[in-house]
Every structure is written in structure tokens, then in C-alpha cells.
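Undergrad: Sequence:
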Amino acid sequence: MKKINILLGAALFTISSTLFTSCDDILEENTDSFPSQAVIYSNDKSVEAALTGCYHGLISYNVFQSDYHTIFCTAGGTMNNTSSSYNDSKAQKTEPDNKYVGRHFKTCYRVIADCNDLLSKIDGSGASDVLKTRAKGEAHFLRGMIYFNLVRAFGGLPLRLTPITSTTLDMPRSTVEETYQQVVADLQEAAELLPEVNPTDGRPNSYAAHALLAKVYITLANGEEGSPYWQKCIDECMKVYGHYQLVPLQTLYNAQNRNTAESIIEIQFSDINGSTWTQGIAPDVSDFTPNSSSNPYGRYRPSKYIFDTWREQYPGDPRIEEGIIYNYYTKNGGVDTVEIYPAYTSDTGSGRMWPYLKKFLDTRYVAQYTAQNFIYLRYADVLLMLAEAINEVSGPDQAYQYVNEVLARARNSAEPAAAQPADWSGMTKAEFRHRIMYERFFELLGEETEYFDMRRRGPEFLLEYWKAHNAHPANCPEPSSTKYKEDYFICTPEMAQRAMLLPFPTLEINSNNAITDADQNPGY
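Residue numbers (mature numbering (1 follows the signal peptide of the UniProt record, and there is no 0)): -21 to -1, 1 to 503.
Hints were generated in silico from the structure; no laboratory data involved. All residues carry an ideal CB built from backbone N, CA and C; glycine is no exception. There may be inaccurate statements among the hints.
Stated by the list, open to error - Distance ranges between label pairs, derived from CB positions:
| id | residue 1 | residue 2 | range |
| --- | --- | --- | --- |
| 1 | Pro269 | Ala398 | 30 to 36 Å |
| 2 | Asn492 | Pro269 | 51 to 57 Å |
| 3 | Asp180 | Asn201 | 31 to 37 Å |
| 4 | Pro174 | Glu410 | 37 to 43 Å |
| 5 | Gly221 | Ala409 | 26 to 32 Å |
| 6 | Glu410 | Ala28 | 48 to 54 Å |
| 7 | Asn449 | Thr146 | 47 to 53 Å |
| 8 | Asn201 | Ser273 | 40 to 46 Å |
| 9 | Asp76 | Ala28 | 52 to 58 Å |
| 10 | Asn449 | Glu74 | 18 to 24 Å |
| 11 | Ser273 | Asn306 | 45 to 51 Å |
| 12 | Thr309 | Asp496 | 48 to 54 Å |
Let's have the full structure, built from the sequences with the hints guiding it.
TA: See below:
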């Protein structure tokens, strides 16, 4: 028998989510204790509180505080997770009952439910027209963003667009096409309703909606020559172009700098609701976290293949110098030195066999959480999308300008300016196509774009990357489950096709009578 109460808890509680700090506590609550809807939506102040509630799920442990990183950084392909607990995920073998996948999916629908509640009641509220318009724009934006994340990861979804009732509790999966149509509709509506400058710092504006639409369209292009979505991506990018700016790497990578001129969509954390990012990337004992009382895990590490490919492509790239810890790091106030990859090569059974990420490492770290934000989408990403799409439409000549802006920022972040990464020129369309994907891996390493970029070019691209990774001489010579050895990918067309999507969560199948095991994604 299916356990309907789990989905009820996840989906029916909407504005009440602002009252909780843990997304594991989603089950039945006494709703008689909650304020009536007339009170909740009575004036500007209460509507602002309801709107804030729509963001609460984003900063929960199950979404951007932790599980988003666990799922998409671990299985991204450019990063390794040194914990043996994630062997299946990093080898692209996630199973349907994976707890991280299940609770992430469930909590994302809680965000959707909050947005649906606001959208269903805002027009009848006592709020000002200006606030009504902005609140609707933000709710459409958040719902579109969450559905976009989920459809890329899981395929077609139950499309819940209104508050759940007893008659709409069970809902089948819509098709991928129908789901993307809703994503586009939500983001187009958001672009119309949102102001150019949001009065609340860190909240989306109309340019953010256009930038995210560009990412939707480049995903829908699916790597196909002649797809009309390439031009749609260009059009949306050009609406954003010039409204943001690239900042020096030292400014960008400093976790204490919030909402810089480069940031387009940024998840807002605080001292009360903090991020686990530094805990996940920093060495366990080092001078990077001098005030630590609970050692970081340092699990999310650049793969040796992508790190060495990057250094070979751009020797002396400031993005490596500023964003990666390699060869060694110090601890105990500089008294002790710890040798790591690539200087350390003597023992393949050691966690020292990978570099660490330094970008966005928060030196204020004490224990588990820090008040650093998570950048979901930034201007460099838009410029690289623009270059990629222009190359597909008309070849590389007009595309160089935009990728070269990103490369110039990297060079000029050093003092004196570095020679690499050098500007691009003289490529064929096919060469540019290949290089731009790896440029995205370098520029956006560890930012959880890699998982989706790997897949939007299709299973053939994913398989090609896996083969290159496996052939890298610094990886272990044979597949192994040993904790500190970098697992090989299973390089078959069938496995690459399976890995295009995560498994549809068992938790949702068991909670939704309109979905059965027969609706599971291919290969699971």
C-alpha cells in the first residue's frame, strides 16, 4: 500500500514552511494553529512574509544547503568525492532508493507548493499592486527554476500548478516536453512581472529570468545542429548582455563577498541558515580554516583528469592559482606542510591524491555551516552560453568576443597580467564546439553546472568524456572500490544513455498512486 501521508506533508504545507528550520520534519502538523489565509495575505507585510516562505526550502539541507551538492557535484564527472559512501553516485550508478535523491525531490516540491499557494491567493490579497506584481514574478521564477532543475535531472514530472486537494493528490508524470513548456511559461511570466532592479537584495530581477531562460533554451537545443533553440538562447543572452560585469577572481572567489556585480542568481544563506560548502571542500586541518572546531570533510575534489587537462591547456591560468589548492597546503600556522597531488604521487591509497577546491572557500568556517551564499548562475556562464550558441548558428567568428571576455578577466586578475588563458582565434566550428564545453568545465568547476552540461550534448558526448577520463594516466590502472581510488566510468552506450537521467525517486513512486514502477526512467 502506498503511503499517501508523506506526499500530503510535502505538498500541502505551503506558507507554513517559513516556520520550520529542518526539511526532515515534513510530516503531519496541526494546521489549526496556523493563521488563516485572510490574515496571511492581508497586507504588504504579511505578503512579504509569505513570499519569504517560498525561499525557505531553497536553503534547506535537502536542497542548496547540502543535498544539491551531494547529488550533482558528486556525479558531475569533473569532480570526485573521496567518501566511499558515494561510490554509486560518482560512478553514475545512483539507485532509485537513494536517500539524497528522494529527499531532494520531495523538498523541491515543497518549494513548488509554497509558490502555488502564493500564486493562487495573491490577487485577492490586501497588498499593493506593485508588491502583488513582484511577488507573482518571484513565485513564477522560483517555480520555473525548480521545475527546470528537476526536469533536467529526472525527466517528465507531475506538474503541480495549484494547491493540492484530496482530488489532485495523485498525479501522473507529464512528458519532458510538457514540463519544459511549463518552465518556459513560468520564466517568461517572471521576465514580464519582475522589475529590472529588485528592491530586496539577492532576489531575482527580470534579467535573471532572461538569463535562466537562456540556460533552458541551450538545454533544449540538445546539441543538435540547426535547432531553433540556439537562436532563442542568443536572444535571451543579449537581453542580459551588459547588465552585469565580470569581477576580479579574488573578488568572485571570496566567500565573504555577497551578490557581486557578476552574480545573477544567488542563494542567500545566513548565520542562522548557513551553507555546508566549505565543510565539503576544505582540507580537514589546514590554515585555510584557522578557527575550525569541527574539521571540514574536504570530500568534493577536482578530478585529476580535468585538473591536468586544464593545466596543460592553460599553464599559469590565474583561475587555477586562485581557485585550486594543489601540490601542498600548510597547517598549524604554517609550521607544517601537507603534500598533495600532483606533487604527492607515492600512494594511490591516500586522499592526498587529489587537489582541493579553493574557490568560494570561507575562511570564517568554524563548524559545519557558514554564512556564505551559493552562486547558481553568474555572468561568465551567460557569456559562455552566448559564445556556444553563436558558434552553432553562424560559426566561431562572432563567438570569440564573448569567450575572450571571460579569458581576459582571468588573465587580468593576476598582477602583472598572466599570459594564459590566451584569447581564442582560428578555430573551426567543430573545434570551437569541443573547446567551449571544456572551457565551461574549467571556468565553472565545482559550481554544479557540469552535471547538466555533460548531458545536454547527448549520450555520445558523455561517453566521449568518460573514455577520456578513464584513459588519463594519473587515474588508478584498474577499476577499484578502494576508498581513495578514482573509479572508472562504465563506458558503454547503454550506460551513457541510462546516465542521462537520474532514477525517478522510489519515495515519490511509493507516495503517488498515479505513478508506478513501470514509469521508472530507462535503465533503472
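Undergrad: Hint by hint, where does the structure go against what was stated? Just the numbers, ascending.
TA: Hints 9, 11 not satisfied by this model.
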